[in-house]
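In order, the protein sequence lines correspond to chains A and B. For the first sequence, this note's numbering assigns the number 1 to the initial residue and increments by one for each residue that follows. For the second sequence, this note's numbering assigns the number 1 to the initial residue and increments by one for each residue that follows.
Think of the hints as simulated: they come from the structure by calculation, not from any bench. One should not assume that every hint holds.
[What the hints assert, rightly or not] Distance condition first, Cα-Cα at most 16 Å in a straight line; then the derived EDC-like pairs of lysine to aspartate or glutamate:
1. Lys48(B) x Asp395(A)
2. Lys252(A) x Asp369(A)
3. Lys58(B) x Glu60(A)
4. Lys48(B) x Asp394(A)
5. Lys48(B) x Asp227(A)
6. Lys58(B) x Glu63(A)
7. Lys360(B) x Glu308(B)
[Claimed, not checked] Between beta-carbon pairs, the in silico distance windows are:
8. Asp257(B) x Leu66(A): 24 to 34 Å
9. Gly279(A) x Asp257(B): 45 to 55 Å
10. Asp363(B) x Leu66(A): 48 to 58 Å
[Unchecked claim] Reference listing, derived: stretches of chain B covered by chain A, where coverage requires no fewer than 3 residues with Cβ under 8 Å from a Cβ of chain A:
11. 13-27
12. 32-46
13. 246-255
For every residue, glycine included, the Cβ atom is placed at its ideal position computed from N, Cα and C.
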Amino acid sequence: MNYDRILIRYGEMSTKGRNRSKFTNKMKSNIKRLLADDRIQVEAQRDRMFIYLNGASFYEVKEQLLHVSGIQSFSPVVKTSQELDEMKEAALELVKRAMIGATTFKVETRRADKTFPLDTHALNHEIGGHVLRGTENVTVDVHHPNLTLVVEVRQEAVYLSCETYPGAGGLPAGAAGKAVLLLSGGLDSPVAGYMMMKRGVEIEAVHFFSPPYTSERAKQKVMDLADTLTKYGGHVRLHIVPFTHIQETIHKQVPENYTMTSTRRMMMRIADRIREQTGALAIVTGESLGQVASQTMESMAAINNVTNTPVLRPLIASDKLDIMDTARKIGTHDISILPYEDCCTIFTPAAPKTRPRTEKVQYFESFLDFEPLIEQAIRDTETIMLPKKEKEMDDLL
Amino acid sequence: MMIYFDNSATTMPDESVMDTFVKAGIRFFANPSSLHSPGMEAERLIEKAREQIAGLMKVSTDEIIFTSGGTESNNLAIKGVASFYKGRGRHIVTTMIEHPSVFEACRDLEKSGYSVTYVKPDENGIVQKKEIEQAITGETVLVSVMHVNNETGAVQPVKEIGKLLKKYPSVLFHVDDVQGFGKVPLDLQAACVDLLSVSGHKLHGLNGTGFLYKRQGVQVAPLFSGGGQERGFRSGTENVSGIASLAKAIRLLQQSDPEKTREMTGFIRGQLIKREWSIIHTPPQSAPHILHFSIPGIKGEVLVHALEKEEIIVSTTSACSSKQNKPSRILEAMNVNREHAASAIRISLSRYNTMEESVKFIDALDRIVPVLAKKRNERT
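Isolated chain B, as found in the complex (with noise of 0.2 Å):
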């Protein structure tokens, strides 16, 4: 049996999630904008499950506007508030840990006459709420910032951030949570959050699922033009099924308890830490689901394939940073030295995962580990 723990890049979804989403596709098929009574119908499920959303986020149902995912949710937040708000100012505050989502969105700005101060995390990886406060300027209209790490899980300080803008009436905060979303919890009252990113795939829903909380007030300019879907904030013939299979993922995770996770995390952590040859990057009091670290002198993609060998897969950085052959940007950014960050590996648990595949885990490890460190050593 494949022992998965790579559940950061990619959930499996859960069967009944896949059972709505080919059951909705079949039966609301039409197009929810038709006049007609199956298209109705269609429009119905999807304001049901915006309900169903809204209800278990306690948030307003016009405040969720469905989108394909985190990717398009950080890029409809970023660039959707840049744009709407050029007039007030052109300056972003935003981190050096940011999935390329967010990242890659902000050098795009910056492309087009924006600035953008991308501020640098403490070695922990963690962002400190001072350091916002200095990047801010009267041109600044936006601070976004995640929740959790993708690549070392670590926990930003979200909630006092969020706390802190509220002296800087004119500035929003946008939170990526697609990593954290029914994991760590998060108030978004308390926290202060604008808008916020969430994927459907990252929580054993389906790709190209997601949404964008939006609070009520606030306004983005839509990336799409179109037939003005989602009040007019996301053009394009919405996903029923996708949208009816992302409310059902989200009312499962309401029973299922993601401490659960930490347990085996915290069993692995424990493990290495006894073992010399291993560096863990991800801080205590993290995600529950996420452990980063090295094993020095082993390439990470070299131990992701032997590990893949005895049924185990997990992955080097993010998965969408992974194919670029680069050390992680995350990494440098703590000042992980560029060898440790050359062999880092990531593991991300689910409610899937067990114990039992946790011991596995160490033991192909004690197996893997001296045997290629020994050919290391005969090549040297």
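Chain A with its partners taken away, still in its complex shape (with noise of 0.2 Å):
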């Protein structure tokens, strides 16, 4: 018996009224090409959508499925025939493989086709009746059962299913306009992505990049996390900025408590611009208030202040474990933790300034036009595509 097609249900999506198909549209497309089996085929219903599956392996599917944001819950459907045997015995093997120990359950039978010669309270008896000799510990309560076993019997054949998946919940991914997001390497920015994708959001991933002082290897630390993130809906665009210049300027015109601020400055500046450039609404960034000298309230406010671009901090109130433990449940905690030196690590004040003054910082930086050194990094930016299809060893293994 093979799972034929997979029934999903939304979530907040179907408190939407009008525009709801914008939604579904755009889940449909982010389940297709997330996919990319050309035999799967996508249907998208007002209030369900269904994935027919055409021969592919459902648990391959579900792997994928439960990172799908929009979707509330899934569920695995079989086809059968009219032919009553054929329909108990799917529902026998049904409950068998959903069952863990002991369970209660009960039959919920749809009959669209009315021609059907067994009424529904006479199928849930057949079916039920057929389900409880056939298996041991199952007993049915028809008002809280653990297992709901559904048919719906239609003209063209019944369908059964059993089994009930949790989905990521949110919003497809791209439903809600698009933001850009600082993207350090570190264990909060990606987690950070991560809640954003869940609301809608599509990414455009800027991460700020200083050879020889950082590594390969730390550019493709945050292309794995980039392309992590992509599991959550769709593609991410990762752009690198040459950040060599700007920081070691920063670094002979600032004094030194003040570089760290200024370097956060120049990073706003540029995302502000890379934002304009990509459509791009808002900025996204992983700060969550106190943890790190730039993420007090007064550093936020002396950053901030070169722009009016809304900058959205999804975790801002968030605590550091908490964070972690999202990151483990993302797959980028392990990414994250490899100790490759970043931009923010190089070029560290002793002591930077945890309550810098706007006023000052804006005096600092007055004595040199940065706006060169910022067209120039925007210039030499380098974006790549994620996921990235890495062909070439793709092949070779």
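From these two lone chains plus the hints, build me the complex, please.
If you want it as structure tokens, here you go:
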């Protein structure tokens, strides 16, 4: 017995009114791109979506669907003919597969084909009875069952399902517009990106790269992080900005305890420029209040001062341990903790200002025009589309 | 055309595996530990290979340690566990039918103060779970049992033994799966395996490639001192192209059905049973690709050479023991008498063998055996 299709239930999307199809269409295309299997067809209806497997393995598809934002839950469905014996057999096997230990269940029949000789009550009875006879430690509970076996009798066929898997929730990636994510290589920024993607945001990631102070491995690490994020909905574009020259200039120009503040301000200015170029509407950071010197209220005010663009900080009130838990869950933790220097750890002053004053940093920066340096950095930015197919290596293996 | 029936000694490398080896060797030659980008690419290729293998085995990437093959994997598992856990105890349980790389590793440990119990198999060459349990003492740190015997093809009850060992949480379980990997399915989780040895050249990969699966949380002391590659468990510059070729060979396993060789060994077995001059040592329900039998009165070595003249390549015992000119230690443990053991022949098939070759093999035996028997009778 093979699963024939997967039924997807919408979460928050089902609260949408007339614009719902925008969300469902987005999710449909995200799923199609993610599964990348020619056999599979996806059909979006107003209140549910169907994936037609056409021979593809449910268990492989399942692993990928678990990460797709916008899905509340999904169930594999088996198709049988209208032969009662066939329906019974399929029902029994489904319950056996889904049950763990002793369990309660009920049968819920929907008879769309009214010409079917048995009515719903009789069908529930027939199928439920067969399941009870074929299993041990299973009892019927019509009010609070552990398992609900859904039987849908249609003219062309009968559809049965028993298992339900929880989805990732949220809204389909890309349905809520685009934002620029400052992606450092640390633990927080990938989690911030993930949380925004779950709310339907499409991500343009920006990374500041300072060769020769930071290595190729640090760059690879950020590519791996961005690549991991693509599992949670569609593609991510990664912009790698050469930052060495600006960092060296700040180092020469600005008093040491203000270099960190000034560096962040330059990053923000560049990110804002990339935001403009890519048509994004906001900047996302992994800042968490009070975590480090640049994330005090005063620092954020001084850094934010360079732009009017909304700066979204999904982790602002999260504890580090909670962030680490999420990082483990989404698979970025082990990549983030790899010990390569990034542009924030080099040139770190011994005692950065934790309470910088905006006027002061403006004054320090006023002696030099950073604009040409910023423009140069943006011109030299390398853009990588992820998931990147490392075709050469994949072909070898 | 040569008929190659010695795949348990080594398999013919698959052409596309060879292709990967050559291309990876040219394109990703840099040292994976180097800081520059060619080094990083080589490292990336290794990590991708590791991901691919771990994914196919449904284990985690940090559970794969690349080695130079089965012998090293077995030594690393046995000596590494013995050394790391020596404070826990100094007793090891293994069997009398292990490959020399397990057997001799245990012998070495005996020389340095460890005690080893070698469990005897039954006459089918299968070790019994209860015998393993009886051998366990409070000092035992490791049980090492092969999955498929390299000479007879007998499948050992590793799943039952692994489940049994759950009762002994301080005893680790190593399985030498060099002959079984890709041929006889083994669920590592269900069999509670802590360490598993795999070799590339038994699965149409290349000599000098292989890995040790080491379950998370299990520790081994490394065999080599050096640069700390493979997370410190296996120093020595990585064999980048070998590792890539191994990943390829393991992926190709997924596309072949090992049970297909059973049709051929089954046919040969049936034909041999019809002929009164043979005794079969491989029990039914063994690995699909191996058949071990004797033709009493004709020395194994003589038959190997006679078949070679017909361009059929087989071996007497395992390749690793065949030059010692002694009857097989494994057949001895199975209480096979010396004369029968001296006339033993092993054929081992692979996905590249055909039914037609199996028919030719039987035809050749039918021609050769009466001639050799006649010569022997003339001599005596």
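Comparing the hints with the structure gives:
no.: 1; hint: Lys48(B) x Asp395(A); verdict: holds, 11 Å
no.: 2; hint: Lys252(A) x Asp369(A); verdict: holds, 13 Å
no.: 3; hint: Lys58(B) x Glu60(A); verdict: holds, 13 Å
no.: 4; hint: Lys48(B) x Asp394(A); verdict: holds, 8 Å
no.: 5; hint: Lys48(B) x Asp227(A); verdict: holds, 14 Å
no.: 6; hint: Lys58(B) x Glu63(A); verdict: holds, 13 Å
no.: 7; hint: Lys360(B) x Glu308(B); verdict: holds, 13 Å
no.: 8; hint: Asp257(B) x Leu66(A): 24 to 34 Å; verdict: holds, 30 Å
no.: 9; hint: Gly279(A) x Asp257(B): 45 to 55 Å; verdict: holds, 52 Å
no.: 10; hint: Asp363(B) x Leu66(A): 48 to 58 Å; verdict: holds, 56 Å
no.: 11; hint: 13-27; verdict: holds (count 4)
no.: 12; hint: 32-46; verdict: holds (count 6)
no.: 13; hint: 246-255; verdict: holds (count 3)
Violated hints: none; the structure is consistent with every hint.
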